[in-house]
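Chains as they are written, first to last, in my numbering: chain H, 1 to 224; chain V, 225 to 297.
A couple of the hints might just be wrong.
[Claimed, not checked] Derived SDA-like pairs (lysine to any residue); straight-line CA-CA distance at most 25 Å:
1) H:Lys132 - H:Leu150
2) H:Lys66 - V:Lys253
3) H:Lys46 - H:Glu64
4) V:Lys268 - H:Lys132
5) V:Lys268 - H:Phe202
6) V:Lys253 - V:Ala233
7) V:Lys268 - V:Leu239
8) H:Lys66 - H:Leu141
9) V:Lys268 - H:Ile43
10) H:Lys56 - H:Asn67
11) H:Lys66 - H:Phe196
12) V:Lys268 - H:Glu64
13) H:Lys70 - H:Glu52
14) H:Lys56 - V:Ala278
15) H:Lys56 - V:Phe272
16) V:Lys268 - H:Leu150
17) V:Lys268 - H:Leu141
18) V:Lys268 - H:Phe126
19) H:Lys70 - V:Leu239
20) H:Lys56 - H:Pro44
21) H:Lys39 - H:Ala54
22) H:Lys56 - V:Lys253
23) H:Lys70 - H:Ser179
24) H:Lys132 - H:Glu155
25) H:Lys56 - V:Leu248
26) H:Lys66 - V:Leu248
27) H:Lys70 - H:Phe129
28) H:Lys130 - H:Ser77
29) V:Lys253 - V:Leu231
30) V:Lys268 - H:Cys50
Treat the hints as calculated values from the structure; they're not laboratory data.
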Amino acid sequence: MGEHWAGYIGSFHVHWDTLITMWAAMLIVIIISFILTRKLEIIPNKLQTCAEGAIKFFLGNLSEVKNGEKHIPIVASLFLFILTANLMGQLPLRLIHLKQGEIASPTNDINLTAALAVMVLLYYLFQGFKEKGIHYIYHGLSITGIITTLVDLLEMITRPLSLAVRLFANILAGEILVSVILGIFAFMAPIPVMLFEIFVAFLQAFVFMMLTIAYILTSVSEEH
Amino acid sequence: MADLATLGAGLAIGLAGLGAGLGLGIATKGLMEGIARQPEASGKLVGFFIIGAALAEACGIYGLLIAFMLIGK
């Protein structure tokens, strides 16, 4: 927990365990999406009903955003990837031990969550500039206009920082909590904590998605 | 200096837990008042409460993170 199986590619510092588990999470999401959306019919079968339910969930959360269905790709990918990544750290990967420690979920590495957060930042900046042009960042040459611009610039740093650290710290704290309870009493005692961590996995994926939607909403909606 | 780092770790998790606990308490109070006033809105209120609770709890976990960083040095 907390330590990584580190190495170098050229001069880049690489965490191999995070890399491998991240690719595994991506593969799982891609394969499940592919299986669920094969052979689409007008009268849906069981698998297609599941996929339509998931899309309805994302559409319902995006209902306040103008042209909400346009943003489904990034929002749905983020939610499904983070959920898979959080969940696969809980049980299956805990059984594999390396000499550097047990393999954990890829989201307990700050590098991965920071990459996701920067992606969200670039996406909503792009959407804002596409929607409003230069007036997204330029509010006129008055005192309030300049202060608003400065606050916007500050938000470009604080928003990705809080997104990244929230997800990373929650998952890492979960792993540490389970290890501590395992150290106190190894039989049965960690089970409620691990069940709570499964709930946290859903919750953090949901919170990441809702904050992404809120940021997209503030950047594309008209000002009042 | 290790003693000071341990003290800092204790202070970090203590103060962060204080803030997060206060925030969660206030959020729960608001939820209870809202449900008592309008029981039929409870489904929607609980959804927002869970998001708010996760955001408040995250602040406590920042403190935990700093505490572990201080101890791990």
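Exercise for review: Go through the numbered hints given earlier and state which of them the structure violates, listing their numbers in rising order.
Suggested key: 2, 3, 4, 6, 7, 8, 9, 11, 16, 17, 18, 19, 22, 23, 25, 26 and 29
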